[in-house]
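Colleague: Okay, here's what each chain looks like letter by letter:
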Amino acid sequence: MALLDVQNLVVEFPGRRGVLRALDDISFSIGEGEILGVVGESGAGKSLTGAAIIGLLEPPGRVASGQILFDGKRIDNLSSDQMRPIRGKQIGAIFQDPLTTLNPLISIGRQLTETMQAHLKLSDRDARARAIGWLEQVGIPAAADRVEAFPHQFSGGMRQRVVIALALCAEPRLVVADEPTTALDVSIQAQIITLLKNLTKSHGTSVMLVTHDMGVIAETCDRVAVMYAGRIAEIGPVRDVVLSPSHPYTEGLMGSIPSLETRVERLRQIDGAMPRLTAIPKGCAFNPRCSRTIDKCREQRPGLMPAGSTQAACWVTAA
Amino acid sequence: MNGVARFLDSDFVYGFKRSPVAIMSALVVLLVLIGAVFAHYISPHNPFDLASLDLLDSLKPPFWSTDGDPSFPLGTDDQGRDVLSGILYGTQISLIVAVCAIAFSLTVGITMGLLAGYFGGVVDALLMRVVDIQLTFPSILIALLVDGIVRAVLPRDMQAALELYVIVFAIGISRWPQFARTVRGSTMVERGRDYVMAAKVIGISGPRIMLSHILPNVLGPVLVITTLNLGLAILDEATLSFLGVGLPPTQPSLGTLIRIGNNFLFSGEWWIAIFPGVTLAAMVLSINLLGDWLRDALNPRLR
Amino acid sequence: MTMQVLQAIEVSRHFDVSRPFLQRALSREGRRILRAVDGISFDIAAGTTLSLVGESGCGKSTVARLAVGLYTPTDGEIRFEGQPLSSARAQPALRRKMNMIFQDPYASLNPRWRVADIVAEPIRAFNILSGTKTINDRVGQLLTQVGLSAADGEKYPHEFSGGQRQRISIARALSSEPEFLVCDEPTSALDVSVQAQILNLMRDLQQKLGLTYLFISHNLAVVRHMSDRLGVMYLGRIVEEGPGEDIFRTPRHPYTRLLLDAIPDISAVGRSRTPVGGEVPSPISPPAGCTFHPRCGLANERCKVEKPPQTKVGNVLVACHAVAEGRS
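One line per chain: the protein sequences are C, F and B, in this order. Just so you know, we're using the working numbering here: the first sequence kicks off at 1 and counts up by one. Just so you know, we're using the working numbering here: the second sequence kicks off at 320 and counts up by one. Just so you know, we're using the working numbering here: the third sequence kicks off at 623 and counts up by one.
Just so you know, the hints here were simulated from the structure itself, not pulled from any lab data. Heads up, some of the hints might be wrong.
With a Cα cut of at most 27 Å, we get these calculated BS3-like pairs of lysine-lysine [as the list claims (entries may be wrong)]:
hint : chain 1 : residue 1 : chain 2 : residue 2
1    : B       : Lys719    : B       : Lys755
2    : C       : Lys89     : C       : Lys197
3    : B       : Lys719    : F       : Lys519
4    : B       : Lys777    : F       : Lys519
5    : C       : Lys282    : C       : Lys296
6    : B       : Lys777    : B       : Lys755
From the structure, some residues in chain B lie toward chain F, with a derived Cβ separation under 7 Å [stated by the list, open to error]:
hint : residue
7    : Thr694
8    : Leu716
9    : Arg717
10   : Met722
11   : Phe724
12   : Ala729
13   : Ser730
14   : Leu731
15   : Arg734
16   : Pro744
17   : Ala747
18   : Asp850
Treat the numbers as computed from the prediction; the structure is a model and nothing was measured. Even for Gly, the Cβ is constructed at its ideal location relative to N, Cα and C.
One chain only, chain C, in its complex shape (with noise of 0.2 Å):
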């Protein structure tokens, strides 16, 4: 059984001029130790689909249907209190900005043990001492001096490896990491994701990488989710999804993003923009800007159905 499984997910944003569905019948599982990514353009729900796994939704948007099973219980429906045991616990997060996670007046050492306190019982020596052991597995040097500094003695590297301790730190079996080298520099990013990898493997924890970077994706991930207009596009395992995809759209991305192995004299482009929440066209999403739209597209929206190896969002690569 998946550890998470998301079942038909709607989430919706009740505004002035109606109601805008920003996800829109989302299905997808992560099984034990597997590393989903999930990728797509600005405005596709990636991040959003991070926010309702991890019940971090902004008001006023709500998940209007569907379900969300983690290890096999529900958890979309569960109220704050409820569902901060498991936040944390079952389910850790890394977002784009540390800032946003770490608290600039406590010392990261007390961060640590703290958070692991509330889920964990262990005595303040243990909890110090395992609070050491994180910052060294995350590569942060002289971790047992430097266990007493507060996070702007850090560089935002050095920071971004305190928030992965700090997510994985009370042995959560789900990480979900929004962006989680985006704000960094190449050479930095390398290292994170590489961190990232090793660590949640030899743990066993699963991950959900959101990000916009099909590179990260492509080097990281067992399987990936291409979100397109808050619906998914395509998933599969990543080397299908990435060498050959099914769907039109994730061909053009494959082909829009330049490569460090060829020089090419044109890049492939998609035409156009994704569209607008409030503008969402008939049918499938994608057919305005598809060169391969058929009737059908235009007035039935296609599930997701076996495509190659992949599973495609597509009423012509189904067939």
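Given the coordinates of chain C, work out where chains F and B should sit on it, guided by the hints.
Modeller: Below, chains F and B alone, put in the same frame as chain C:
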């Protein structure tokens, strides 16, 4: 969609329609404005027309009292002037003074703020120290001081003619630092933005960048403090007039009316002071509430 | 010989980031000088693209601003079409030949101006055309050229998406009929599919109008796609400079190799690696000698004390003792 329709459909108007406080305040302000602007047509009497005054009409209570006279709905003062008419004319004068004073503050404040924020360095340091020093005094003290100095400097025969200008100047000069500070802060943010860089690259001059690029983008916060300061300027004028250093009794503003009424407050003729007082309070409160709402409406982070 | 549009000769730009005088006096600390750009030289030939690539804080955006005269060099000289930049910028006829495209499409357009006025600003500033009708027609033509419609001129910037705004930015840059464009991270705020549109547009325009680009980016793959020549910057210096293809084929400087190795690439599915540790030091107190030596696997005693000069290796200039000595 044309401009008007777009405005009516905006979040701004939508938010306004959903805020009872904003609607009420706007109504009160509108009512006071109409009363003040059309005082000459609405008022039952002309309180400045000495010929129409009759001492027999003096100190009449409001119309609902037994001694009341329906032709003086809110009663009369010791010289037989109609209180309602006095309020309408007085509001007009109060508003003229306050609006002119704030316009003066705005001009000075925006200019100084733009210069300080755009050029920074020594210009900024100098201007802002002046602002800092002035902000350590209550603005009413500055206004009193300026008012006193100007009166002492001007020859006596010119004083009556220049009275209005003096008080506008005194209130205006006491309120510009707030505008300068706000504009400076926003200007410092805007001047580093890429659209300003883009203008610099093609060689647009500093003054032109300040006026056509930066100014339109710093007006939002200025609008909010303008509203709040308008209320305060009305109070400043009322305070000065109440203290007797404002406008002369021949041009009675709300403050003057309250001062005159104050003498009768304890002898039972309460209406002379209370009605102008209530008008003043209602007007200033509404303007401030409107300003508060405007601040929230224009600040997306608070929504 | 091809004409050099822009030449930078030993250009430095330092910023005084000291605390205010009184605080400095009280805490007895000296002035703090940030060497954003530290003695760099390059030429850009007409019709070509030079890209500068590096991580945040390496000084590449400062170079972009130096190149259009938004900053003046602390030391060294920049020449535009053979003339010193400051005198070139004093002449409107030369100043209009250079323009700039910015990174953040949300900050580079004045939110209170209509798009038509934004695009027309350079036309009016340089008196290139006169008459409302003539200018409007030209603005419409420019908007069409960058893939928008002439009617879009009536709208305000907030009505457009990030990619469309960047097109408006390009239309504005083109409206002064420039020959040289400085592009400061023009696509790093955009999604990849939109980035591809903008990069294609920029290359089409270069071919059609014979534009010369100074292209600043942190993204090596984008840089590879766009450049003829490439300069890799680290802490205010160019550590490797030469034809793009040569550098990508055989990167020589250890930092260039680190960068190329660090970039996640979609063709490397499931790659596992051991990334180089360490972080970029502060440009206020950079390491002595070669500034890269604390992170470099090839560093020896000489690297710690002696600043490496640029050495010619093939078509490429490399500032590295190890490469010069053949230790790599």
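Colleague: Next, verify each hint and record whether it holds.
Modeller: Against the structure, the hints:
At most 27 Å may separate the alpha-carbon atoms for a hinted pair to count; lysine 719(B) and lysine 755(B) meet this at roughly 24 Å. Distance check on the hinted pair: lysine 89(C) and lysine 197(C) sit about 19 Å apart at the alpha-carbon level, within 27 Å; holds. Between lysine 719(B) and lysine 519(F) the CA atoms are separated by roughly 14 Å; this keeps the pair inside 27 Å, and the hint holds. This hinted pair checks out: lysine 777(B) and lysine 519(F) have alpha carbons roughly 24 Å apart, not beyond 27 Å.
In summary, the hint linking lysine 282(C) to lysine 296(C) is supported, as the alpha carbons are separated by about 10 Å, within the 27 Å threshold. For a cut-off of 27 Å, the pair hint linking lysine 777(B) to lysine 755(B) stands: about 18 Å separates their Cα positions. Restraint check, threonine 694(B) versus chain F: the minimum CB separation of about 13 Å is more than 7 Å; hint violated. At about 11 Å, the closest approach between the beta carbon of leucine 716(B) and any beta carbon in chain F exceeds 7 Å, and the interface hint on this residue is violated.
Checking arginine 717(B) against chain F by beta carbon gives a least distance of about 5 Å; that is within 7 Å, so the hint holds. Given hint, methionine 722(B) at the interface with chain F, holds; its Cβ is 5 Å from that chain's nearest Cβ, closer than 7 Å. With 7 Å as the threshold, the beta carbon of phenylalanine 724(B) comes within range of chain F, its nearest partner Cβ sitting at about 4 Å, so the hint holds. Interface hint at alanine 729(B): satisfied, since its Cβ lies 5 Å from the closest Cβ of chain F, which is below the 7 Å cut-off.
Taking 7 Å as the C-beta contact cut-off toward chain F, the hint placing serine 730(B) at the interface holds, the least distance being around 4 Å. Here the hint on leucine 731(B) is kept, as its CB sits about 6 Å from the closest CB of chain F, short of 7 Å. Interface hint at arginine 734(B): satisfied, since its Cβ lies 4 Å from the closest Cβ of chain F, which is below the 7 Å cut-off. Hint on proline 744(B) holds. Least Cβ distance to chain F is approximately 5 Å, under the 7 Å limit.
A distance limit of 7 Å between C-beta atoms decides the matter here; for alanine 747(B) the minimum to chain F is near 5 Å, and the interface restraint holds. Because the closest C-beta pair between aspartate 850(B) and chain F is about 23 Å apart, greater than 7 Å, the hint is violated.
Taken one by one, the earlier hints fail for this structure at numbers 7, 8 and 18, listed in ascending order.
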